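S.K.: Here is how the chains run, residue by residue.
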Amino acid sequence: MDQTILDTLHDVIVVGSGCTGAMAAQTLLESGMKVLMLDGGMMDSKYKSLIPDTSYTDFRQKADDQYKILIGENLEGLNWGEVSTGAQLTPPRKFITDQVEIFLPLESNNFHPMESLALGGLGGAWGLGSCIYSPPELEKAGLNANKMHEAYRVVSDRIGISASNDDASPYTSGGFNYFLPELEIDSNAKSLYDKYKKKRNDLNRDGFFMGKPALALLTEDKGERKKCSYNDMDFYSDKDKSAYRPWITIEEMKTKYKNSFIYLGEKLVKEFSEENNFTTVTCIDMMDNSVKTYSCIKLVLASGVLGTARIVMRSVKSENVKFPILTNPYCYIPCIQPGMLGKSADQRRSDFAQLSLFHDPDKTNADVAMASIYSYHSLMLFRIIREAPLNFKDGRKMMRWLLPAMTIMGIHLPQQASEGKYLKMMKDENSPTGDKLFAEYSLNEEEKLSRKIREKKFLHAMRKLNCFAIKKIDPGFGSSIHYAGTLPFNDNEAEFTLNPSGRLNKFKNIFVADGSGFKYLPAKGLTFSLMANAHNVAKTVIEDARK
Amino acid sequence: MNFAEENKYNSEAQILSNYLVGTQVDKKSLELYSGISKTTNHSMNESDLKIWNFLMKHPGFISSIDGALAFTNPKSSVRKKIFFMFAILECRPELSAKFMSSNFTGFYWVKFIWYGVHAVFTTIFGLFLLQWIKRF
Chain S
1 MDQTILDTLH DVIVVGSGCT GAMAAQTLLE SGMKVLMLDG GMMDSKYKSL IPDTSYTDFR
61 QKADDQYKIL IGENLEGLNW GEVSTGAQLT PPRKFITDQV EIFLPLESNN FHPMESLALG
121 GLGGAWGLGS CIYSPPELEK AGLNANKMHE AYRVVSDRIG ISASNDDASP YTSGGFNYFL
181 PELEIDSNAK SLYDKYKKKR NDLNRDGFFM GKPALALLTE DKGERKKCSY NDMDFYSDKD
241 KSAYRPWITI EEMKTKYKNS FIYLGEKLVK EFSEENNFTT VTCIDMMDNS VKTYSCIKLV
301 LASGVLGTAR IVMRSVKSEN VKFPILTNPY CYIPCIQPGM LGKSADQRRS DFAQLSLFHD
361 PDKTNADVAM ASIYSYHSLM LFRIIREAPL NFKDGRKMMR WLLPAMTIMG IHLPQQASEG
421 KYLKMMKDEN SPTGDKLFAE YSLNEEEKLS RKIREKKFLH AMRKLNCFAI KKIDPGFGSS
481 IHYAGTLPFN DNEAEFTLNP SGRLNKFKNI FVADGSGFKY LPAKGLTFSL MANAHNVAKT
541 VIEDARK
Chain W
548 MNFAEENKYN SEAQILSNYL VGTQVDKKSL ELYSGISKTT NHSMNESDLK IWNFLMKHPG
608 FISSIDGALA FTNPKSSVRK KIFFMFAILE CRPELSAKFM SSNFTGFYWV KFIWYGVHAV
668 FTTIFGLFLL QWIKRF
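Those protein sequences? They're chains S and W, same order as listed. Per my numbering, residue 1 is the first one in the first sequence, and the count goes up by one each step. Per my numbering, residue 548 is the first one in the second sequence, and the count goes up by one each step.
These aren't lab readings, by the way, just hints derived from the structure by calculation. Bear in mind that the values here come from a model prediction, so they are computed numbers and not experimental data. Hints should not be assumed to be uniformly reliable.
[To be verified] Derived BS3-like pairs (lysine-lysine); straight-line CA-CA distance at most 30 Å: (1) S:Lys-48 to W:Lys-575; (2) W:Lys-574 to S:Lys-343; (3) S:Lys-472 to W:Lys-627; (4) W:Lys-645 to S:Lys-397; (5) S:Lys-190 to S:Lys-464; (6) S:Lys-343 to S:Lys-94; (7) W:Lys-575 to S:Lys-62; (8) S:Lys-94 to S:Lys-195; (9) S:Lys-256 to S:Lys-539; (10) S:Lys-270 to S:Lys-292; (11) S:Lys-292 to S:Lys-363; (12) W:Lys-597 to S:Lys-68.
Generate the whole structure from the sequences, applying the supplied hints.
M.R.: Rendered as structure tokens:
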């Protein structure tokens with residue numbers, strides 16, 4: 001079988017099984033093309049079977065070996081270091097970053113991204129935020145608004161997105177009607193939302209709009225996937241598949257397209273080389289570091305912005321080339337709603353964002369900042385208590401009372417390219433690929449000032465809602481886990497850019513389906529747009545193949 | 548792990564459990580505490596070691612020193628050890644009520660203010676105590 005795969009000239013090779021790889025592959029397979037997917041393929045073999053089908057409260061009160069899931073069998077979930085990218089990953093989700101340090105080394109003083117070699121990629125830890133980009137945002141990013149709106153509909157039908165009709169709709173669902181009914185929110189969020197409704201005019205005047213988020217979380221059953229059960233276990237388990245994860249699509253495709261879809265895990269794609277009518281893809285087998293090559297007519301890179309940058313830099317073999325990079329500046333701020341003190345926390349809830357607060361100062365939906373609002377419940381007291389300037393004993397007693405009143409606001413700001421943000425490749429003899437990525441990410445003075453002002457405005461808006469900040473936590477650049485802009489869209493055949501259709505300029509058969517082409521990174525989570533773009537790129541591949 | 552080391556970790560776990568939740572430590576928590584103490588680098592600098600040894604001899608002062616360190620040196624190795632035990636105890640089902648939010652009685656404000664005042668005073672005392680320990 002392995003030899004046959006090596007000897008075959010495949011219609012398309014898709015690199016990566018994350019949100020974009022899964023969407024691109026599905027579109028290609030639906031059109032009748034044969035697809036080989038090459039992927040890191042890390043999976044959780046340890047915890048999946050240990051997670052009971054119960055609510056978080058029941059689990060905490062009854063499960064004797066809960067420590068395995070909450071802090072890890074080897075206590076790997078206990079982190080005493082600085083709060084950094086991926087701090088929210090629980091032991092059952094740690095597999096998402098397995099082997100990354102070995103196979104995807106990166107050096108930086110100020111950019112600390114999360115990358116993945118897992119089946120489903122970073123989609124396994126996705127917060128499910130599914131905002132559409134507005135036409136001005138799409139234009140700034142270099143995406144075609146008409147094509148994207150059609151693709152948003154296709155992706156929404158595939159994965160199931162719930163959204164509501166409220167003040168935030170222009171920023172979440174864009175007012176389109178192909179979404180599932182809205183999710184329930186917990187009492188903490190309801191209290192905040194009620195205050196917003198009372199002060200709506202005042203906040204709207206300042207450019208703030210609040211509503212329920214659009215999330216890739218089912219509110220109705222969809223095939224084998226069940227609707228959200230609000231059992232508060234979402235940080236630990238995807239058992240009912242109510243939350244969309246790309247591995248769900250991959251597993252479905254393995255069954256549905258037995259004859260036209262091949263998935264190969266434990267393969268790290270190193271580089272490609274394009275001949276006249278075919279492309280050769282060179283991989284490192286992650287089991288034994290041996291080198292393997294596969295051939296295809298069309299190659300679709302969907303290995304995440306940083307992964308794709310590595311592959312392109314190696315393949316083009318240009319010395320000292322620098323790629324631009326974008327990530328949303330991100331911070332989170334625990335706040336207290338005094339009105340909620342003394343009220344018990346909801347047991348029936350989901351762990352995802354409960355509300356979204358958008359800041360659109362000129363009300364054009366062109367330069368929007370976004371805060372996702374969470375309640376703190378199932379991530380355990382130990383994660384947050386070490387941030388409090390209290391002894392652990394009194395801290396425990398006080399935090400138990402404070403938790404139902406605690407609201408966490410995660411602020412994402414939009415970002416565009418500038419000089420101080422770039423990637424380049426360096427030699428590294430210790431790495432299996434012989435190289436590592438170097439990243440530099442610094443804001444210019446204007447960007448720093450703008451960031452400060454906007455974060456202050458969010459705090460001011462929250463104060464108007466009687467919700468008071470305790471502390472700002474800045475996990476550093478890269479912690480938003482949103483990356484883009486390494487191969488910016490360009491209509492001309494410029495080197496290291498993408499054609500607006502997703503083709504790598506200067507190449508005939510190499511396409512990029514992840515966010516590498518986005519020239520601007522809106523603050524709204526990018527995953528839904530990444531998937532829509534991946535669908536469009538796959539459509540281009542199909543059209544191109546049929547010519 | 549030798550017998551003396553095992554005994555040392557057991558005794559530390561017992562003291563920390565008493566401090567954090569006021570109960571005898573169970574077998575599983577002992578096992579987990581010993582496990583993480585073996586595998587994690589708990590190497591302490593001279594000053595932290597002095598504080599830790601003092602606390603193991605005089606456990607009644609842990610809350611004061613813990614509070615003082617939360618202000619002056621929140622990343623200290625002493626706090627790290629307490630943090631690990633805190634997380635281990637939080638995962639015990641029989642102790643879940645001590646860590647999860649619950650229904651509140653009408654007196655919760657009184658209790659809340661008492662905990663706050665207690666924390667402040669023990670911390671102030673701890674700041675003086677910390678100076679004293681470091682001096683000797």
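S.K.: Now tell me, hint by hint, if it's right for this structure.
M.R.: Verification of the supplied hints:
Proposed proximity of S:Lys-48 and W:Lys-575 is supported: the alpha carbons are some 22 Å apart, at most 30 Å. Annotation: proposed proximity of W:Lys-574 to S:Lys-343 is violated, straight-line Cα distance about 35 Å (limit 30 Å). Taken as a hint, the S:Lys-472 and W:Lys-627 pair is honoured in the structure, with Cα atoms around 22 Å apart against an allowance of 30 Å. Distance check on the hinted pair: W:Lys-645 and S:Lys-397 sit about 8 Å apart at the alpha-carbon level, within 30 Å; holds.
For the suggested pair S:Lys-190 and S:Lys-464, the alpha carbons sit about 16 Å apart, so the restraint of at most 30 Å is met. Of the pairs offered as hints, the one joining S:Lys-343 and S:Lys-94 is violated, with about 33 Å between alpha carbons and a cut-off of 30 Å exceeded. For the hint linking W:Lys-575 to S:Lys-62, the alpha-carbon distance of about 15 Å falls within 30 Å, and the restraint holds. Of the pairs offered as hints, the one joining S:Lys-94 and S:Lys-195 is violated, with about 37 Å between alpha carbons and a cut-off of 30 Å exceeded.
Among the hinted pairs, S:Lys-256 with S:Lys-539 is consistent with the structure: their alpha-carbon atoms are about 20 Å apart, no more than 30 Å. With a C-alpha separation of about 10 Å, the suggested pair S:Lys-270 and S:Lys-292 falls inside the 30 Å cut-off, and the hint holds. A threshold of 30 Å between alpha carbons decides the hint, and for S:Lys-292 with S:Lys-363 the separation of about 53 Å lies outside it, so the pair is violated. For the hint linking W:Lys-597 to S:Lys-68, the alpha-carbon distance of about 33 Å lies beyond 30 Å, and the restraint is violated.
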